[in-house]
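S.K.: Each chain is listed here by its residues.
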Amino acid sequence: MKGKAIPVLIVLGIILVIWYLCTVWMNAAWVYDQAGRTGRTVGFGELVQATMVQERPMLPAPHQVAAALWDGIAGQAVTSKRSLVYHGWVTMEATLAGFALGIVLGVSLAVGIVYFRVMEATVMPWAVISQTIPIVALAPMIVVLSNTLSLGEALGLENRLVSKTIISAYLSFFPVLVGMVKGLRSPDAMQVDQLATWNASGWQSFKYLRLPSSMPYFFASLKVAIAAALVGAIVGELPTGAVEGLGARMLVASQFGQPLLMWASLFAAALVAGMLILGVGAIQRAADRAMGVRP
Amino acid sequence: MSGLWLAIVFWIAAWGANVWIARRARGRLAGMVPPVLFGLAVLVLWEGAVRAFAVPEVILPAPSVVVAAIGANLGTLWGDFVQTIVKGAFSGYAMGCGAALVVAVLVDRSPVLTRGLLPVGNFVAALPIVGVAPIMVTWFGFGWQSKAAVVFAMVFFPVLVNAVAGLTAADRMHRDLMRTYAAGYWTTLFKLRLPSAAPFIFNGLKIATTLAVIGAIVAEFFGSPTRGMGFRISTAVGSLALPMVWAQIFVAALAGTLFYGFVAMIERRVTFWHPSQRVRG
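Chains as they are written, first to last, in this note's numbering: chain Y, 293 to 587; chain P, 362 to 642.
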């Protein structure tokens, strides 16, 4: 890990430099325009300074985004509608619900596929095809359906949460399915034969051999799935007229021309993604310890 | 209700046929028939259930109604397809993947950058990049250019990460062999390293096909000219013209699947030597 820190910092530094250059380049037109109206000429130093502090820049400078992000996270009460923590939580709720549903769906389909040949032949190709279908095309549909059928009220939840959850689950089940099919098949023939000689039942060989040996695959796919679930939750907020959540925040900011807020929401989403991936990593380490994995 | 019972009988018969095929048959046909039968059974059950329970069209139109909508709106569907997929998704995909490959080759010359880029790129690839859609629409306007830009941003990092990882995949021994042949940097790159990176690159390219279609459609939710699949879907949902929505979903699904299948086909041609592509004898 230590050997990576310096190269990562170098790459991040390069990205920051490129970003600052783009900021100057993209915001310059506005500065020249303003200066042209008052009949002044701007020097290079003045130009650079002016591109960094605009209120509605084409591309906000990194420190402006950081300030807006900090204001959204720490500058507001957590329950305020202006707080990014609040909107982040709304999005995360849907993400986690969809993630959980996706895991259940993915694992149960994987078990079915591994144990029944007919399911492998029929379901697997459709699971692959389902991923090439752009779910966002379905998103407005799912929202309308869950609203008209009041799925949410039937479950005692908000309708909006239900539609976001379905979209998240759809995006996250596939990595889990593929990972688990691989994982459950990972014990080699020798190990399976060994359990057969011990007269193990089907359930026992699942519990003591297939399930434990699928765990590394399971957690690797969870990291992909949680990221996909977050994308699903945010996409679910975009076309649906949602009023809460990071996706809705971006939409509102874009409609009212507040680029700083838009970028801050985008980075808040990135923070949430980072937290979720770290969380999955922590659970994996805990599970490894509980199952007696020696590092 | 008889329609529903017929549908259920069809479902059971299809399932039985699939069980039989899965047990007995081998070969190419056995791989094709069960999923097709399964898909047909789902459609028949859908049609039967919609008719039997008289589900209103604004909730779920029957497949036959959707097919009729497709037939009646071929011109519109084609126009939307050209606007979103051909102009938005394809151009963004080509530019994004091309740029990612060029950057990957450049970055690859420096080991420090390679090591730093992989974790950063992997993280960025996991981010909800679709969120840049509103930003791109403000930058590039409502036309297809903003859609292509969103697609560019979405496909860039997955392809870059895979290409950079792939370029490190060439065997030490193979590189040494190229050196003993006195092959220069470019010869080694084209004859050895790019071909051995191809499985990784195609992995990225395949992921990117789905992302490209998603990006192009989502970007249209933020503003578009009065055509395009995302535009049509959101307006059709608004006016409860659900058969039209399902027709668009069908086109989107077909386009996504064909796009993916096309890239996978090129992959089979290019990386025929790779173990995962070999035909099992």
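In short, the hints are calculated from the structure, not lab data. Keep in mind that the hints are not guaranteed to be accurate.
Footprint (simulated), chain Y over chain P, 3 or more residues, beta carbon under 8 Å [claimed, not checked]:
(1) 363 to 371
(2) 395 to 406
(3) 417 to 431
(4) 457 to 466
(5) 487 to 499
(6) 520 to 528
(7) 608 to 616
Using C-beta positions, here's what the derived DEER-type ranges look like [stated by the list, open to error]:
(8) Y:V334 - P:G622: 32 to 38 Å
(9) P:R536 - Y:I307: 25 to 31 Å
(10) P:G432 - Y:A369: 52 to 58 Å
(11) Y:I575 - P:K552: 29 to 35 Å
(12) P:G377 - Y:K373: 52 to 58 Å
(13) P:R384 - Y:Q496: 23 to 29 Å
(14) Y:I575 - P:G432: 46 to 52 Å
(15) Y:K373 - P:M393: 50 to 56 Å
(16) Y:E338 - P:R536: 48 to 54 Å
(17) P:G377 - Y:W490: 52 to 58 Å
(18) P:H635 - Y:G566: 32 to 38 Å
Keeping only pairs whose Cα atoms sit at most 25 Å apart, straight-line, the calculated DMTMM-like set for lysine to aspartate or glutamate is [to be verified]:
(19) P:K552 - P:D469
(20) Y:K474 - P:E628
(21) Y:K499 - Y:D580
(22) P:K567 - Y:E412
(23) Y:K499 - Y:D485
(24) Y:K296 - P:D469
(25) P:K567 - P:E418
(26) Y:K296 - P:D532
(27) P:K448 - P:D532
(28) Y:K373 - Y:E347
(29) P:K552 - P:D532
(30) Y:K474 - Y:E412
We put the CB at the ideal spot given by N, CA and C, even for glycine.
S.K.: Does each hint fit the structure? Answer for all of them.
M.R.: Tested hints:
By the rule of at least three residues with a Cβ nearer than 8 Å to a Cβ of chain Y, the coverage given for the segment 363 to 371 of chain P is violated, with 0 such residues. With a threshold of 8 Å between beta carbons, the proposed coverage of the segment 395 to 406 of chain P by chain Y holds, since 5 of its residues qualify and at least three are required. Under a criterion of three residues with beta carbons nearer than 8 Å to beta carbons of chain Y, the stated coverage of the segment 417 to 431 of chain P is upheld, 3 such residues being counted. Figure legend: the segment 457 to 466 of chain P, annotated as covered by chain Y; annotation inconsistent (0 residues with Cβ-Cβ distances under 8 Å, at least 3 required).
Coverage of the segment 487 to 499 of chain P by chain Y holds in this model, with 11 residues showing a Cβ closer than 8 Å to a Cβ of that chain against a need of three. With 0 residues having a beta carbon nearer than 8 Å to a beta carbon of chain Y, the segment 520 to 528 of chain P misses the requirement of three or more and the stated coverage is violated. Figure legend: the segment 608 to 616 of chain P, annotated as covered by chain Y; annotation consistent (4 residues with Cβ-Cβ distances under 8 Å, at least 3 required). As the Cβ distance of Y:V334 to P:G622 is approximately 54 Å, the hint placing it in 32 to 38 Å is violated.
In this structure the hint that P:R536 and Y:I307 lie 25 to 31 Å apart at CB holds, the actual value being about 30 Å. Between P:G432 and Y:A369 the beta carbon distance is about 56 Å. The supplied range of 52 to 58 Å therefore holds. Against the hinted window of 29 to 35 Å, the Cβ-Cβ separation of Y:I575 and P:K552 comes to about 45 Å, which falls outside the hint. Roughly 56 Å separates the CB atoms of P:G377 and Y:K373, a value that falls within the hinted 52 to 58 Å.
For P:R384 paired with Y:Q496, a C-beta distance near 25 Å keeps the hint of 23 to 29 Å intact. Y:I575 and P:G432 have their C-beta atoms about 51 Å apart, which keeps the hinted 46 to 52 Å range intact. Between Y:K373 and P:M393 the beta carbon distance is about 54 Å. The supplied range of 50 to 56 Å therefore holds. Against the hinted window of 48 to 54 Å, the Cβ-Cβ separation of Y:E338 and P:R536 comes to about 52 Å, which satisfies the hint.
Distance hint check for P:G377 and Y:W490: the Cβ-Cβ separation is about 36 Å, which falls outside the suggested range of 52 to 58 Å. In this structure the supplied range 32 to 38 Å holds for P:H635 paired with Y:G566, their Cβ-Cβ distance being about 34 Å. For the given pair, P:K552 sits about 16 Å from P:D469 by alpha-carbon distance, which is consistent with the 25 Å threshold. Proximity of Y:K474 to P:E628 is assessed by CA-CA distance (about 22 Å); at most 25 Å being required, the pair is judged to hold.
With a C-alpha separation of about 16 Å, the suggested pairing of Y:K499 with Y:D580 holds against the 25 Å cut-off. Between P:K567 and Y:E412 the CA atoms are separated by roughly 22 Å; this keeps the pair inside 25 Å, and the hint holds. Annotation: proposed proximity of Y:K499 to Y:D485 holds, straight-line Cα distance about 15 Å (limit 25 Å). Simply put, Y:K296 and P:D469 have alpha-carbon atoms about 16 Å apart, close enough for the 25 Å limit, and the pair holds.
Distance restraint check for P:K567 and P:E418: the Cα-Cα separation of roughly 36 Å exceeds the 25 Å cut-off, and the hinted pair is therefore not satisfied. Between the alpha carbons of Y:K296 and P:D532 the distance comes to roughly 23 Å, so the proposed pair stays at or under 25 Å and holds. For the suggested pair P:K448 and P:D532, the alpha carbons sit about 40 Å apart, so the restraint of at most 25 Å is broken. Distance restraint check for Y:K373 and Y:E347: the Cα-Cα separation of roughly 21 Å lies within the 25 Å cut-off, and the hinted pair is therefore satisfied.
For a cut-off of 25 Å, the pair hint linking P:K552 to P:D532 stands: about 13 Å separates their Cα positions. For the proposed pair Y:K474 and Y:E412, the alpha carbon gap of about 13 Å is at most 25 Å, so the pair holds.
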